[in-house]
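Could you build the full structure based on these sequences and the hints that come with them?
Sequence lines, in order, name chains A and B. full-length UniProt numbering applies: residue 1 is where the first sequence begins, and numbers increase by one. full-length UniProt numbering applies: residue 1 is where the second sequence begins, and numbers increase by one.
None of these hints come from the bench; they were simulated from the model. All of these numbers come straight from a predicted model, not from anything done at the bench. Be aware that one or more of the hints could be misleading.
[To be verified] As a list, the in silico DSSO-like pairs of lysine-lysine whose alpha-carbon atoms are at most 30 Å apart: (1) B:Lys66 - A:Lys154; (2) A:Lys86 - B:Lys84; (3) B:Lys90 - A:Lys155; (4) A:Lys86 - B:Lys66; (5) A:Lys178 - B:Lys84; (6) A:Lys55 - B:Lys66.
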Amino acid sequence: MSEAIAPEKEVTNVAVMNQLPSGAIRAESPLHHAELDKLAARNPRGGGVILRELKLLGHLTLRGSQDNASFMAGCAEVLGVALPTKPLTSVDNGSVSVRWLSPDEWLAVVPMDQAFEIERSLRAAIEGHFQVVNGSGGQTIIELSGPNAVDVLKKSTILDLHPSQFPVGKVAGSVFAKASALVRRSGEDTWELVVRRSFADYIWLWLQDASREYGLVVKA
Amino acid sequence: MLHIYCPHCEELREEEEFHCSGEAHIARPLDPDNCTDAEWGEYIFFRKNPRGIQHEMWYHTTGCRKFFNVTRDTQTYEIKEVYKIGEQPKVVAEG
Numbered sequence: 001m002s003e004a005i006a007p008e009k010e011v012t013n014v015a016v017m018n019q020l021p022s023g024a025i026r027a028e029s030p031l032h033h034a035e036l037d038k039l040a041a042r043n044p045r046g047g048g049v050i051l052r053e054l055k056l057l058g059h060l061t062l063r064g065s066q067d068n069a070s071f072m073a074g075c076a077e078v079l080g081v082a083l084p085t086k087p088l089t090s091v092d093n094g095s096v097s098v099r100w101l102s103p104d105e106w107l108a109v110v111p112m113d114q115a116f117e118i119e120r121s122l123r124a125a126i127e128g129h130f131q132v133v134n135g136s137g138g139q140t141i142i143e144l145s146g147p148n149a150v151d152v153l154k155k156s157t158i159l160d161l162h163p164s165q166f167p168v169g170k171v172a173g174s175v176f177a178k179a180s181a182l183v184r185r186s187g188e189d190t191w192e193l194v195v196r197r198s199f200a201d202y203i204w205l206w207l208q209d210a211s212r213e214y215g216l217v218v219k220a
Numbered sequence: 001m002l003h004i005y006c007p008h009c010e011e012l013r014e015e016e017e018f019h020c021s022g023e024a025h026i027a028r029p030l031d032p033d034n035c036t037d038a039e040w041g042e043y044i045f046f047r048k049n050p051r052g053i054q055h056e057m058w059y060h061t062t063g064c065r066k067f068f069n070v071t072r073d074t075q076t077y078e079i080k081e082v083y084k085i086g087e088q089p090k091v092v093a094e095g
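Below is the structure:
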């Protein structure tokens, strides 16, 4: 049932395209319509929750077996960081972050203008059975920080967010505000939510409501 | 609310994150073109529905999106063990 699929020597033709719009075409993040930059410009007093969209980043979903040495080595070489093999962990070197999604699936978040090049380099570097999908347009990352960010999350998800159970660097997918999100603790008081594009507006509205009692500060 | 251990995430999570996918270890007929209607019907529709120990498949829907098996007592709801797809249960019904 779970025997590994024999590595294919021949590279199959995969249609890859640069998803980064160029020239006159304007890229719009899933929260473009919320005009966070305008809200940020007229921020009121301080607040306990700071919200920022980490927008227009390259999201690459990587799938492959941990037993495929070429896959593990190729990803480490191209991304500059090794794929985290410990469940529910992530690595981050400043420009590239990799989140563990399941034993054979990772989400690499890279600068958008490098996503296509990284995808092509991965395809060139890896042999055998693997998958690279550029899902950049399908999701976005909302960053919550501040002393009350954790209180907003507690209202939204069933995950245990206590530092003993959810240390910095941990990643967990769960239900979030009746939708779902991939939650990562990127700092003591900083959290990143990977949300689907179609749920981004709903979660933005939810977060505004949930953080009202603490005061919400929007950052561009 | 069940507290379920995901063998892939390696921690306990709440039931809300999971979906139960019914009885485990149901073997698909190896030669579906040549099996009888009775065999095919048995495979598609008929389940044991025991009172007591049952092996069932669960799906970690909002987490790692992997299937795994759970041995559960249908009377007490107690989860006896969790094991990965492809493995065999250690706790089985008597008789």
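*Determine which of the earlier numbered hints do not hold for this structure and return their numbers in increasing order.*
Checked against the structure, the only hint that fails is number 3, while the rest are satisfied.
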